Amino acid sequence: MDEEPERAKRWEGGYERTWEVLKEDESGSLKATVEDILFQAKRKRVFEGHGQVRLGMMRHLFVIIDSSRSMEDQDLKPNRLTSTLKLMEFFVEEYFDQNPISQIGIITTKNKRAEKLTDLAGNPKKHLAALKKVVDSTCVGEPSLYNSLNCVALPSGTEIKEILVIFSSLTTCDPANIYELIKTLNALKIRVSVIGLSAEVRVCTILTRETGGSYNVILDESHFKELLMLHVKPPPASSSSECSLIRMGFPQHVIASMSDQDAKPSFSMSHLDSTGEPGLTLGGYYCPQCRAKYTELPVECKVCGLTLVSAPHLARSFHHLFPLEAFQETPLEEYEGERFCEACQGELKDKSVFTCLACKKVFCVECDLFIHDTLHCCPGCMQTDRTS
Amino acid sequence: MASDDEINILVIVLDVNPIWWGQQAQREPQFTLSTCLDSLMVMANAHLVMSRTNKLAVIANLYQKSHFLYPKEIRNLMDRTEVNGSQTDSLLAVSLAKALCYIHRVSKDVQAGQDMKSRILVIKAAEDSTLQYMNFMNVTFAAQKKNILIDACVLDTDSGLLQQACDITGGLYLRIPQKIALTQYLLWVFLPDTDQRSQLLLPPPVHVDYRAACFCHRNLIEIGYVCSVCLSIFCNFSPICTTCETAFKMPLPQMAKTKKKKVKTAN
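The listed protein sequences correspond, in order, to chains A and B. The UniProt record's numbering numbers the first residue of the first sequence as 1 and each following residue consecutively. The UniProt record's numbering numbers the first residue of the second sequence as 1 and each following residue consecutively.
No wet-lab data here; the hints were simulated from the structure. Everything numeric in this text was worked out from a predicted model, so none of it was measured. Incorrect hints may have been included.
To be verified - Cut-off 25 Å, straight-line C-alpha distance, at most; resulting in silico cross-link-like pairs (BS3-like, lysine-lysine):
hint : chain 1 : residue 1 : chain 2 : residue 2
1    : A       : K361      : B       : K108
2    : A       : K133      : B       : K146
3    : B       : K145      : A       : K133
4    : A       : K86       : B       : K117
5    : A       : K116      : A       : K189
6    : A       : K132      : B       : K117
7    : A       : K86       : B       : K146
8    : B       : K145      : A       : K125
9    : A       : K133      : A       : K225
10   : B       : K145      : A       : K225
11   : A       : K233      : A       : K126
12   : A       : K133      : A       : K112
13   : A       : K233      : A       : K189
14   : B       : K55       : A       : K351
15   : A       : K116      : A       : K126
16   : A       : K86       : B       : K108
17   : B       : K117      : A       : K125
18   : B       : K145      : A       : K86
19   : A       : K132      : B       : K145
20   : A       : K116      : A       : K86
21   : A       : K125      : B       : K146
22   : B       : K145      : A       : K126
23   : B       : K65       : A       : K361
24   : A       : K349      : B       : K55
As the list claims (entries may be wrong) - Chain A regions said to be covered by chain B (calculated; three or more residues, Cβ under 8 Å):
hint : segment
25   : 244-253
26   : 312-321
27   : 344-356
28   : 365-377
For glycine and all other residues, C-beta sits at the position ideal for the given N, C-alpha and C.
Full structure from sequences and hints, please.
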């Protein structure tokens, strides 16, 4: 038996006095405290630090979702499977937002077998559509950790290979020795992380410890979301080593209509392996190096190996490089001046107003959240400076 | 007809660059800013008539500044702003950002159970300014995330930025061949909302050039090198990235191996 690091279990710690957080005011109502907590929660998201940004990581991540009988448990509303799938949709969108040239594949496991739901792909739409379909499937049987790890087919030349397992059952049914498989994964430098939904399982602990991943068990749904979001950022260990210039192609989109004489319908290279109907399309994207045709971007050309992306795809992540400074918060009483928000023209009636330090315009709390979360540029600053 | 559960909000962004409109009045006296505003009023009223729950906002864009014309009181902005003779281009990103914030605020006030669909119609007169690329793309992606369509009605020169914005968000881009017929184009193409557009025969989509421009020369390239840290695009391989100043590892030359072989056979 190998040595395990000493860790204090939760029942060994001291008492937590959670009732001391809430305070009553004179009339005995908790409303002010609750509003305060909600307001702080809203503001917390904006203050997450802009650490060292590494956008160009080409990560290849496989997500293995447990679909066994334990996923029908209703401790996460409405049941574990639906809750997991909804969080997975959010995770996929955030993942592609932070890692624009990375790829994800999804595998489900149930009934002692594993099935590939989507192949490794860089376009979020396919994954989202596939996730929506899984909601209707039934959860039967036991999961198989060995089979699902075997199902993972990661290209050998890539630098960052990760697997994330969402494991809810307490058992796994493996046809062979899983410790041998762990050694193989280690040799291939694949990092496996697990998020447990029920309790800590020893084989998962060993799996994550040997491969250098993380293992966490959720407390409730918001904790589940937090743990998932931890995997959106690239893993810290490899971030220092990989800085290179990646050769990429920017194909032109050819739109041909039926009336065009020269337009010939052709197959797309991405449909070669698919089992659906063959798609003959008139227009598409042609690889600048080998002229192979593809219907959607981003994709890695199967013929010549060139990564194909479109320019807005990269531009989508530029806001990480030029992050917007947080606005200064001042209470409403101290603010003199016209009481209307520069961005939405609404009246300022929240507890505090937010001032942009660069252009000195004021905004309401909703516009502040919107500007920092979605827009990433200040409307006041856009009016004054002439540079992009 | 839309039911009471659906709110359609239309925000019109009008480019009022005085130099362009002044030159336009000299070129074609039949079509001036006031005739354009008349056409817009027809379309705005038509939109409000289509359903009881439709909402409207109008923003005027003057160089870099933008003003809400409706639903606040009309301001005489032409009289108040000084005319600076050199600015012949207009930066639309500001008005689009304000339009998005306004739509966001209205969507918060919507009651539960009501759907809200929004779109922004941009009437563009003067040329594009290249300085606003970053802001414009940020606004476009924000609109796409919120499912807000950006339609563009271009009076004069084609605008690459607006073409990309319309393509990314799923809106319509149209360059009007005859400006006097502005009302017809507005009512035919831009008045119907998304559900109705699938049933109409509308102008075909334009070919959008999505090639990237390299950061060193601003040429459009088909194959380039991308820095893995900051995603800046270069046309040639260089040892240091100019934006984030990371040194790249050079690919090892293959020549060393063959040289060794030659030496061995010689011996």
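With the threshold set at 25 Å, check whether the alpha-carbon distance from B/K55 to A/K351 stays at or below it. violated (28 Å)
Would the pair A/K116 and A/K126 pass a check requiring their Cα atoms to be no farther apart than 25 Å? Answer holds: A/K116 to A/K126 is near 13 Å, not above 25 Å.
What's the verdict on A/K86 and B/K117, does the C-alpha distance respect the 25 Å limit or exceed it? Holds: A/K86 and B/K117 sit about 23 Å apart, inside 25 Å.
Are the Cα atoms of A/K233 and A/K126 separated by 25 Å or less? Measuring from Cα to Cα gives roughly 22 Å; hence the hint holds.
Decide if the proposed pair is consistent with the structure: A/K132 and B/K145, CA atoms, cutoff 25 Å inclusive. With a Cα-Cα distance of about 19 Å, the restraint between A/K132 and B/K145 holds, given a limit of 25 Å.
Are at least 3 residues of the segment 365-377 of chain A within less than 8 Å of chain B when you compare beta carbons? Coverage by chain B holds here, the residue count being 8 at a Cβ distance below 8 Å.
Does the alpha-carbon distance linking A/K133 and A/K112 stay inside the 25 Å limit? holds (21 Å)
Under the criterion that the straight-line Cα-Cα distance not exceed 25 Å, is the pair A/K361, B/K108 satisfied? holds (22 Å)
Given the hinted pair A/K116 and A/K86, is their alpha-carbon gap at most 25 Å? Within the cut-off at roughly 19 Å; holds.
Given coverage of the segment 344-356 of chain A by chain B, tested with a Cβ cutoff of 8 Å and a minimum of 3 residues: holds (count 3)
Going straight from one Cα to the other, do B/K145 and A/K225 come out at no more than 25 Å? Holds, at about 20 Å.
With the threshold set at 25 Å, check whether the alpha-carbon distance from B/K145 to A/K86 stays at or below it. Distance of about 17 Å is within 25 Å: holds.
Checked against the numbered hints above, the structure breaks only hint 14 and satisfies the rest.
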